[in-house]
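Q: The lines below spell out each chain.
There are 2 protein chains.
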Amino acid sequence: GEPAVLLLPGDGIGPEVVEAARRVLEAAAHAHGLRIRFDEVLIGGAAIDQAGDPLPEATLEKARRARAVLLGAVGGPAWDDLPVDRRPEKGLLRLRQALGLFANIRPLPGFVAAYGRSPLKPELLRGVDLVVVRELTGGLYYGPRARRALEEGGEEAYDTLLYRTHEIERVARVAFDLARTRRPVGQRRVASIDKANVLTSSQLWRETVRRVAADYPDVTLEHLYVDNAAMQLVRDPGRFDVLLTGNLFGDILSDEAAALAGSLGVLPSASLGGPVPLFEPVHGSAPDLAGRGVANPVGTILSAALLFRYALGHEAAAAMIERAVEQALADGARTADLAGEGEGALATEEMTAAILERLRV
Amino acid sequence: GEPAVLLLPGDGIGPEVVEAARRVLEAAAHAHGLRIRFDEVLIGGAAIDQAGDPLPEATLEKARRARAVLLGAVGGPAWDDLPVDRRPEKGLLRLRQALGLFANIRPLPGFVAAYGRSPLKPELLRGVDLVVVRELTGGLYYGPRARRALEEGGEEAYDTLLYRTHEIERVARVAFDLARTRRPVGQRRVASIDKANVLTSSQLWRETVRRVAADYPDVTLEHLYVDNAAMQLVRDPGRFDVLLTGNLFGDILSDEAAALAGSLGVLPSASLGGPVPLFEPVHGSAPDLAGRGVANPVGTILSAALLFRYALGHEAAAAMIERAVEQALADGARTADLAGEGEGALATEEMTAAILERLRV
Ligand SMILES: [Mg+2]
Ligand SMILES: [Mg+2]
Chain A
1 GEPAVLLLPG
11 DGIGPEVVEA
21 ARRVLEAAAH
31 AHGLRIRFDE
41 VLIGGAAIDQ
51 AGDPLPEATL
61 EKARRARAVL
71 LGAVGGPAWD
81 DLPVDRRPEK
91 GLLRLRQALG
101 LFANIRPLPG
111 FVAAYGRSPL
121 KPELLRGVDL
131 VVVRELTGGL
141 YYGPRARRAL
151 EEGGEEAYDT
161 LLYRTHEIER
171 VARVAFDLAR
181 TRRPVGQRRV
191 ASIDKANVLT
201 SSQLWRETVR
211 RVAADYPDVT
221 LEHLYVDNAA
231 MQLVRDPGRF
241 DVLLTGNLFG
251 DILSDEAAAL
261 AGSLGVLPSA
271 SLGGPVPLFE
281 PVHGSAPDLA
291 GRGVANPVGT
301 ILSAALLFRY
311 ALGHEAAAAM
321 IERAVEQALA
331 DGARTADLAG
341 EGEGALATEE
351 MTAAILERLR
361 V
Chain B
1 GEPAVLLLPG
11 DGIGPEVVEA
21 ARRVLEAAAH
31 AHGLRIRFDE
41 VLIGGAAIDQ
51 AGDPLPEATL
61 EKARRARAVL
71 LGAVGGPAWD
81 DLPVDRRPEK
91 GLLRLRQALG
101 LFANIRPLPG
111 FVAAYGRSPL
121 KPELLRGVDL
131 VVVRELTGGL
141 YYGPRARRAL
151 EEGGEEAYDT
161 LLYRTHEIER
171 VARVAFDLAR
181 TRRPVGQRRV
191 ASIDKANVLT
201 SSQLWRETVR
211 RVAADYPDVT
221 LEHLYVDNAA
231 MQLVRDPGRF
241 DVLLTGNLFG
251 DILSDEAAAL
261 AGSLGVLPSA
271 SLGGPVPLFE
281 PVHGSAPDLA
291 GRGVANPVGT
301 ILSAALLFRY
311 ALGHEAAAAM
321 IERAVEQALA
331 DGARTADLAG
341 EGEGALATEE
351 MTAAILERLR
361 V
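Chains as they are written, first to last, in this note's numbering: chain A, 1 to 361; chain B, 1 to 361.
Isolated chain A (complex conformation) (with noise of 0.2 Å):
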């Protein structure tokens, strides 16, 4: 039958960007003769106002029978007092935990070289096209915690780095069955991070993707040190072509890699490992922007394209959203957030106009 995405709004810009997404999702379904059913409920402080919980079970059960979710952003002021475990962002948390999603994925794509906005220099940007594949549910945020007082005084406090084989594996699969979908043989490269002089789990997350790249002998395998990676991020983004990295430098590394855009409103991301994938903007609520149709759609609409090649296997339609984003990119479309001195900027919906008119087969 017809595919179902599911539209989870959420909080500030959230339903405005995804309002656009969702235009342009059945724009580029219509030219390729697909029909998509959607839904949207509620999740994050829309849904504790309703509801009076971050995730209702209702959308947790319609996330689960989707094919894919679309999610806007989540936060806010008004939710801020509450105890960390009640807040907005803890149902984007549950949620992608009940949906078994443990690789994070967020490319940084060549045209955030067109609008002139990189803090590195043009010559810098040419070549440009990395992913990062950040594994999502393990790591140094997970591990065993704990905090306790001194005999001699003070306090001490650690956090546990910790992977187990399996972990490792099946995030390393995603990176390299990702890597064999964006170049031709020859080019292909995965570039794993760790800090394996230093770090026992990391020597574990050396060897485990060694062993995994072994079923992948058209992609080129280099071991990289977590500081290497963060100097070499800034001095040649462009010799990176996918990054495999755990949560923690993932985490790290993407948002340096996503500072090279010099607007995170242009940046998509998708959250797999599970039946039902999640797809997002990087940027957040941005309470302030909220109902101003000013927020930049591109980040939503881009998510909109990866969820037609990662959800529904389509990657003529994904590649005709990117193009036309990038097209509109360069004919000089600019939200607030990218123009210059000097450049007009276009609202919500002008800017996806000039995306939805470049759309073309």
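Treat each hint with caution, since some may be false.
[Claimed, not checked] Covered by chain B, per the in silico footprint, the following chain A stretches (three or more residues, Cβ under 8 Å): (1) 120–133; (2) 219–231.
[Stated by the list, open to error] Computed, partial: chain B to chain A, Cβ under 10 Å: (3) Gln50; (4) Gly143; (5) Ala157; (6) Leu199; (7) Tyr216; (8) Met231; (9) Arg235; (10) Gly293; (11) Gln327.
[Claimed, not checked] Simulated DEER-style distance windows between Cβ atoms: (12) Gly100(A) x Asn228(B): 48 to 54 Å; (13) Glu341(B) x Gly332(A): 29 to 35 Å; (14) Pro217(B) x Gly291(A): 37 to 43 Å; (15) Asp215(B) x Glu57(A): 46 to 52 Å; (16) Glu222(B) x Pro3(A): 43 to 49 Å.
Honestly, the hints are just simulated from the structure, not real lab data. C-beta: ideal position from N, C-alpha, C; glycine also.
Chain B with the ligands: place on chain A using the hints.
A: Showing chain B with the ligands alone in chain A's frame:
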């Protein structure tokens, strides 16, 4: 009596850059009516070859009795096949530990804009003048670790990020004391880096830093999550003054910051905390350049400036060296790592001479 400085040239280009720095140290001391006693012993690969140990007892003894240690670099392909515990790098690690050096200082000076090799757009380098203070003897690189087979197949491996109150406190004091020496009241800032929204150890880090900050009402404290810091370093490095980090986060962020210099050759460092501080360039032993007389001596010469400032308490001599380096770079003096297309490259001795010429009271 005359302060004793122990020179540890080490391996690769170490001897060449240490000799250059010694000449600048001596000239700056002379200009201020100060005499320094130099001694010089082996460390690293050179010590392995001569004494079978990368840190011979005699070297450690002399280091303990010196006022400060100036090191070149250790390591090289000749010793790469030794077991990890007997490699040249281990000599340096053992020396730092034996001297109780728990704080590593890495400045990114504003002059990196002068020679045009930074990957950042020039306008983003305006006002850059930051220093990373990294905890060096605790955290994830030193906590309990293990690896074991699992009954269900595969293995698990972990490392522990553990901090105690007093470890955080003492490195925080180094950062706040440093902030007091760098800028006038009203402009002193410490950015403490953690991941307190997720990590228990970061919560202790943040609370402890906040308590130390109460003793420094003239220094403004802000807390930044490590992923956000990785982003801000690229977007707007000029916003930072002192960054205070744990061992792992500092490893990553200090290398990211170093990348902004466009060449590691110009960057100095200091390791503080014990009775005898250690100064060394950020770059390594660069075996491919060794013996050719082309290495950039600036990183070691600026480490000598830090030695005047932090070991001898002689700000005038430190500033004299830094001004001379800055002037030489502004006047176009370039070693090969700094020379752009069409710019001639100076040899190590020529670069050193260019700096010596510009030493002025
Ligand atoms: Mg992050
Ligand atoms: Mg490092």
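Q: If a hint holds in the structure, say so; if it doesn't, say that too.
A: Consistency of the hints with the structure:
no., hint, verdict
1, 120–133, "holds (count 3)"
2, 219–231, "holds (count 5)"
3, Gln50, "26 Å, violated"
4, Gly143, "7 Å, holds"
5, Ala157, "4 Å, holds"
6, Leu199, "5 Å, holds"
7, Tyr216, "20 Å, violated"
8, Met231, "4 Å, holds"
9, Arg235, "5 Å, holds"
10, Gly293, "26 Å, violated"
11, Gln327, "25 Å, violated"
12, Gly100(A) x Asn228(B): 48 to 54 Å, "28 Å, violated"
13, Glu341(B) x Gly332(A): 29 to 35 Å, "32 Å, holds"
14, Pro217(B) x Gly291(A): 37 to 43 Å, "40 Å, holds"
15, Asp215(B) x Glu57(A): 46 to 52 Å, "51 Å, holds"
16, Glu222(B) x Pro3(A): 43 to 49 Å, "46 Å, holds"
When the structure is compared with the earlier hints, violations turn up for hints 3, 7, 10, 11 and 12 and for no others.
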